[in-house]
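J.: The sequence shown maps to residues 1 to 146 in the UniProt record's numbering.
Wrong hints could be hidden among the right ones.
[What the hints assert, rightly or not] Calculated cross-link-like contacts (lysine-lysine; reagent style DSS-like; alpha-carbon spacing at most 30 Å):
{"id": "1", "residue 1": "41", "residue 2": "120"}
{"id": "2", "residue 1": "120", "residue 2": "62"}
{"id": "3", "residue 1": "79", "residue 2": "54"}
{"id": "4", "residue 1": "62", "residue 2": "132"}
{"id": "5", "residue 1": "54", "residue 2": "132"}
{"id": "6", "residue 1": "132", "residue 2": "120"}
{"id": "7", "residue 1": "54", "residue 2": "120"}
{"id": "8", "residue 1": "89", "residue 2": "120"}
{"id": "9", "residue 1": "41", "residue 2": "132"}
{"id": "10", "residue 1": "41", "residue 2": "89"}
{"id": "11", "residue 1": "89", "residue 2": "62"}
{"id": "12", "residue 1": "89", "residue 2": "54"}
{"id": "13", "residue 1": "41", "residue 2": "54"}
{"id": "14", "residue 1": "120", "residue 2": "79"}
{"id": "15", "residue 1": "116", "residue 2": "54"}
{"id": "16", "residue 1": "132", "residue 2": "116"}
{"id": "17", "residue 1": "132", "residue 2": "79"}
{"id": "18", "residue 1": "116", "residue 2": "41"}
{"id": "19", "residue 1": "132", "residue 2": "89"}
Please keep in mind that the hints were generated in silico from the structure rather than gathered at the bench.
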Amino acid sequence: MANDLMRRNDWLNDPFFNDLGRHIFDSFTPTRGVDNSRLLKTDIQENDESYVVKVDVPGIEKQNINLSYDHDVLSIAVKHEEQADHSDKEGNMLMSERSYGRMSRSYRLPSVDEGKISAKVSDGVLTIDLPKMAAEQQEGHQITID
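Full structure from sequences and hints, please.
T.: Now the structure itself:
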């Protein structure tokens, strides 16, 4: 049977192999099977002086955003508490896609000058500026052996 399969010119187009190829990498794709509407969609730019992180946070109040930077990792956690009842007098609702709850993401951004990190929210976008440490601050400490 293997020889018959190899002789076919279109064995890669076989539905079995299509599904196999499609699902073999599922565990490596972080957003496959995940509700993308619940992710904190992020852009990260890097230049010589800093990282600039922009995160979509529409409808999230400033006081419901928690930022921390520890051991070269920027962590962002948001809480969306709005849960409006959109049903009519009889309790009917045709569709409800708006969500509430907690979301968080973490990003490894090394060599940041922690004391100079700044953040602001404007028009549903959280912008975080993470200045990098000067080159002399990044160098390791030489230890002498007694």
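J.: Taking the hints in turn, state whether each one holds.
T.: To see whether the hints hold, each was checked on the structure:
A threshold of 30 Å between alpha carbons decides the hint, and for residue 41 with residue 120 the separation of about 16 Å falls inside it, so the pair holds. At roughly 9 Å between alpha-carbon atoms, residue 120 and residue 62 fall within 30 Å of each other, so this suggested pair holds. Proximity of residue 79 to residue 54 is assessed by CA-CA distance (about 17 Å); at most 30 Å being required, the pair is judged to hold. Of the pairs offered as hints, the one joining residue 62 and residue 132 holds, with about 25 Å between alpha carbons and a cut-off of 30 Å not exceeded.
A hinted pair counts as satisfied when its Cα atoms are at most 30 Å apart, and residue 54 with residue 132 qualifies at roughly 17 Å. Using a Cα cut-off of 30 Å, the hinted pair residue 132 and residue 120 holds, with the two alpha carbons roughly 18 Å apart. At roughly 10 Å between alpha-carbon atoms, residue 54 and residue 120 fall within 30 Å of each other, so this suggested pair holds. A C-alpha spacing of about 40 Å is found between residue 89 and residue 120, which places the hinted pair above 30 Å, so the restraint is violated.
A distance of roughly 23 Å separates the Cα atoms of residue 41 and residue 132; the hinted pair therefore holds under the 30 Å criterion. Taking the CA atoms of residue 41 and residue 89, the gap is about 36 Å. The hint is violated against a cut of 30 Å. Pair hint residue 89 plus residue 62 does not hold up; C-alpha atoms about 33 Å apart against a cutoff of 30 Å. For the proposed pair residue 89 and residue 54, the alpha carbon gap of about 41 Å is over 30 Å, so the pair is violated.
A C-alpha spacing of about 8 Å is found between residue 41 and residue 54, which places the hinted pair at or below 30 Å, so the restraint holds. With a C-alpha separation of about 17 Å, the suggested pair residue 120 and residue 79 falls inside the 30 Å cut-off, and the hint holds. A threshold of 30 Å between alpha carbons decides the hint, and for residue 116 with residue 54 the separation of about 17 Å falls inside it, so the pair holds. Annotation: proposed proximity of residue 132 to residue 116 holds, straight-line Cα distance about 9 Å (limit 30 Å).
With a C-alpha separation of about 28 Å, the suggested pairing of residue 132 with residue 79 holds against the 30 Å cut-off. In summary, the hint linking residue 116 to residue 41 is supported, as the alpha carbons are separated by about 24 Å, within the 30 Å threshold. A threshold of 30 Å between alpha carbons decides the hint, and for residue 132 with residue 89 the separation of about 56 Å lies outside it, so the pair is violated.
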